[in-house]
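S.K.: Listed below, chain by chain, are the residues.
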Amino acid sequence: MTTQLNLKEIERKAFRSTYQDGLWDIYLGLVVEGMAIFIYRPASGYSAMNIIIALLVFALAYGIFWVGKKYITVPRLGQVTFGKIRKRKNTTLAIILGVFVLILAVLVAVTTFGWASPAIISSFINDRIKGLVFVAAICAFIVGASMIVRVNFMDFPRGYYISILIAMAVFLMISLNQPIYPILLGGLIIIPGLVLFIRFLKKYPLHRKETIHE
Amino acid sequence: MSKTSENPDLTGLADLDKLVHEPARLAVMSLLYVIERADFTFLMNQTGLTWGNLSTHLSKLEKAGYIKVEKSFKGKRPSTTLCLTSQGREIFHEYVIKMKKIFQDIPG
Chain A
1 MTTQLNLKEI ERKAFRSTYQ DGLWDIYLGL VVEGMAIFIY RPASGYSAMN
51 IIIALLVFAL AYGIFWVGKK YITVPRLGQV TFGKIRKRKN TTLAIILGVF
101 VLILAVLVAV TTFGWASPAI ISSFINDRIK GLVFVAAICA FIVGASMIVR
151 VNFMDFPRGY YISILIAMAV FLMISLNQPI YPILLGGLII IPGLVLFIRF
201 LKKYPLHRKE TIHE
Chain B
1 MSKTSENPDL TGLADLDKLV HEPARLAVMS LLYVIERADF TFLMNQTGLT
51 WGNLSTHLSK LEKAGYIKVE KSFKGKRPST TLCLTSQGRE IFHEYVIKMK
101 KIFQDIPG
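The listed protein sequences correspond, in order, to chains A and B.
Using our numbering, the first residue of the first sequence is number 1, and each one after it goes up by one.
Using our numbering, the first residue of the second sequence is number 1, and each one after it goes up by one.
These are calculated hints, taken from the structure and not from any lab test.
It should be emphasised that the depicted structure is a prediction, and the values quoted were computed from it without experimental measurement.
One thing to keep in mind: the hints can contain errors.
To be verified - Below, a list of computed lysine to aspartate or glutamate pairs in the EDC-like style, where the Cα atoms sit at most 16 Å apart:
| id | chain 1 | residue 1 | chain 2 | residue 2 |
| --- | --- | --- | --- | --- |
| 1 | B | 101 | B | 17 |
| 2 | B | 63 | B | 17 |
| 3 | B | 18 | B | 70 |
| 4 | A | 8 | A | 155 |
| 5 | A | 13 | A | 155 |
| 6 | B | 100 | B | 36 |
| 7 | B | 100 | B | 17 |
| 8 | A | 8 | B | 36 |
| 9 | A | 89 | B | 36 |
| 10 | A | 13 | B | 17 |
| 11 | B | 18 | B | 94 |
| 12 | A | 87 | B | 36 |
| 13 | A | 84 | B | 36 |
| 14 | B | 60 | B | 22 |
| 15 | B | 101 | B | 15 |
Whole structure, please, built from the sequences with the hints as guidance.
M.R.: Shown next, in the form of structure tokens:
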């Protein structure tokens, strides 16, 4: 039994070592920053500029993640392919996340429709503020729950902390419509990521080319 | 108390595959057993072995037919990918069972 547990531990340790670079933290933190811009409704009215800037931030976040993994992490940490159990977990995760995204898309559509036609919303909830808090709570719950499911499948312990911050960011953004809060919360995700990234660079220096091939 | 616990059977120790039983190679085999494949750098980081040491152990395991070594180029960078062969997987599995049995047989 002990042997079995140790082998599991070896696999888990190897798997979790891929999170040492902090790139997931930086990526998710930047996604929160993008989300802040995407959800923000300026007094002048919601414009296409929100969407364009948010998409640029999302693209930047993914770009940093992809370039970092390919050109910084892999040459230092090495490349690894995990077994069938991890692959099966990924497939299950993709299905569950698909369902969450669908629910969230419906919620976003309903909320947008409600903002466009306040009369319809007021027929369900009399107070607009209460309505906003209600929508914010539901969206935060869906986003938080989907993130927790995701980090659980990803075997990413720091992800629980990130999930809570993301759920808080969604709640504050929708209920208060102040981008500063999610931007600050995004910063609280990015900063530990940057610290981990610097530590990773120090711990795993780049091997010289001639020492790679044996 | 059973007879096995009173007279632990240690003859199994002599049957252990010595190629796998060596600590550094055991670390490599364990790691490759739980993952599908990995490159040289990953193994080096995970096992804490030096380049030369790991290379020597890998050569022995490859010669025995326990691991498969694939050499390729990723752009201009040389890359060495390693995985267990079906024989290597079987040998390691047997080794684990034998070790488990030995420690079960030892009382206390």
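S.K.: None of the hints should be skipped; say for each whether it holds.
M.R.: We went through each hint and held it up to the structure:
About 15 Å separates the Cα atoms of residue 101 (chain B) and residue 17 (chain B), which keeps this hinted pair within 16 Å; it holds. For the hint pairing residue 63 (chain B) with residue 17 (chain B), the CA-to-CA distance comes to about 15 Å; that is within 16 Å, so the pair holds. Of the pairs offered as hints, the one joining residue 18 (chain B) and residue 70 (chain B) is violated, with about 25 Å between alpha carbons and a cut-off of 16 Å exceeded. Proximity of residue 8 (chain A) to residue 155 (chain A) is assessed by CA-CA distance (about 13 Å); at most 16 Å being required, the pair is judged to hold.
At most 16 Å may separate the alpha-carbon atoms for a hinted pair to count; residue 13 (chain A) and residue 155 (chain A) meet this at roughly 10 Å. Taken as a hint, the residue 100 (chain B) and residue 36 (chain B) pair is broken in the structure, with Cα atoms around 23 Å apart against an allowance of 16 Å. With a C-alpha separation of about 14 Å, the suggested pairing of residue 100 (chain B) with residue 17 (chain B) holds against the 16 Å cut-off. Between residue 8 (chain A) and residue 36 (chain B), the direct Cα distance comes to roughly 14 Å. Compliance with the 16 Å bound is thereby established for this hinted pair.
At roughly 15 Å between alpha-carbon atoms, residue 89 (chain A) and residue 36 (chain B) fall within 16 Å of each other, so this suggested pair holds. Using a Cα cut-off of 16 Å, the hinted pair residue 13 (chain A) and residue 17 (chain B) is violated, with the two alpha carbons roughly 26 Å apart. Proposed proximity of residue 18 (chain B) and residue 94 (chain B) is supported: the alpha carbons are some 13 Å apart, at most 16 Å. With a C-alpha separation of about 11 Å, the suggested pair residue 87 (chain A) and residue 36 (chain B) falls inside the 16 Å cut-off, and the hint holds.
Using a Cα cut-off of 16 Å, the hinted pair residue 84 (chain A) and residue 36 (chain B) holds, with the two alpha carbons roughly 8 Å apart. Simply put, residue 60 (chain B) and residue 22 (chain B) have alpha-carbon atoms about 11 Å apart, close enough for the 16 Å limit, and the pair holds. The straight-line distance between the Cα atoms of residue 101 (chain B) and residue 15 (chain B) is roughly 12 Å, inside the 16 Å bound, and the hint therefore holds.
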